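Engineer: Sequence:
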Amino acid sequence: MRHRKKFNHLGRKTAHRKAMLANMASSLILHKRISTTTAKAKALKMYVEPLITKSKNDTTHSRRIVFSYLKQKEAVTELFREVSPKITNRNGGYTRILKTGNRLGDNAEMCIVELVDFNETYTTENKAEAKKSTRRRRGGKATAKAEESAVEAKAEEATETKEEKGEE
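Quick note on this note's numbering: the sequence shown kicks off at 80 and runs consecutively.
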């Protein structure tokens, strides 16, 4: 029976599993994004998120605890210097798992694990919001020609302003 067996052993002995998770966590911290299988990603998420929470408090004690898990000085330095300041006002949920499909060789479900605050596509706010316009089915070809002429007029104005700036 599998009662009270809470985490995935990933088909490895304890020492191998701990070493693999430490290496994957260090790679995630250093590179901000790694590609792995979904099972390993979920195990990595459980492993690395408490370490990131621990990095919010930059003391010698917390650095030593994190180092005992990661075993790489560069990863600990990166975590406390670059990652920690970005996640200070986030309460958990520091990693994101994006599924990418199945691997060709063994059909294992693959995914990308990334640190949430380091992905620019999701973190940048929509500054260039689309102009809100209502769509109507009136006009036909005449409206399309009017829109084309308006676009051409704007392009001509832009070129004229560039030429004026160039002459001055």
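I should point out that these hints are in silico values taken from the structure, not numbers from a laboratory.
The structure presented is a predicted model; accordingly, all values stated were derived computationally and were not measured.
Glycine included, C-beta positions come from ideal geometry on N, C-alpha and C.
Treat the hints with care, as some may be off.
[What the hints assert, rightly or not] Straight line, CA to CA, 30 Å or less: simulated DSBU-like cross-link-like pairs of lysine-lysine:
no. : residue 1 : residue 2
1   : Lys165    : Lys178
2   : Lys97     : Lys111
3   : Lys165    : Lys121
4   : Lys121    : Lys178
[As the list claims (entries may be wrong)] Have a look at the derived ranges for each label pair, beta carbon to beta carbon:
no. : residue 1 : residue 2 : range
5   : Arg160    : His82     : 12 to 20 Å
6   : Ala229    : Asp137    : 14 to 22 Å
7   : His82     : Thr167    : 26 to 34 Å
8   : His110    : Thr132    : 29 to 37 Å
9   : Pro129    : His82     : 19 to 27 Å
10  : Ser114    : Val230    : 21 to 29 Å
Engineer: Does each hint fit the structure? Answer for all of them.
Structural biologist: How the hints compare with the structure:
The suggested pairing of Lys165 with Lys178 holds, with an alpha-carbon distance near 24 Å, which does not exceed 30 Å. For the proposed pair Lys97 and Lys111, the alpha carbon gap of about 20 Å is at most 30 Å, so the pair holds. For the hint pairing Lys165 with Lys121, the CA-to-CA distance comes to about 22 Å; that is within 30 Å, so the pair holds. A hinted pair counts as satisfied when its Cα atoms are at most 30 Å apart, and Lys121 with Lys178 qualifies at roughly 12 Å.
In this structure, Arg160 and His82 break the distance hint of 12 to 20 Å, their C-beta atoms being roughly 43 Å apart. Against the hinted window of 14 to 22 Å, the Cβ-Cβ separation of Ala229 and Asp137 comes to about 56 Å, which falls outside the hint. Separation of His82 from Thr167 is about 39 Å and departs from the stated range, judged on CB atoms against 26 to 34 Å. One distance hint, 29 to 37 Å for the beta-carbon pair His110 and Thr132, is violated here, with the actual separation near 20 Å.
As the Cβ distance of Pro129 to His82 is approximately 24 Å, the hint placing it in 19 to 27 Å holds. Between Ser114 and Val230 the beta carbon distance is about 42 Å. The supplied range of 21 to 29 Å is therefore violated.
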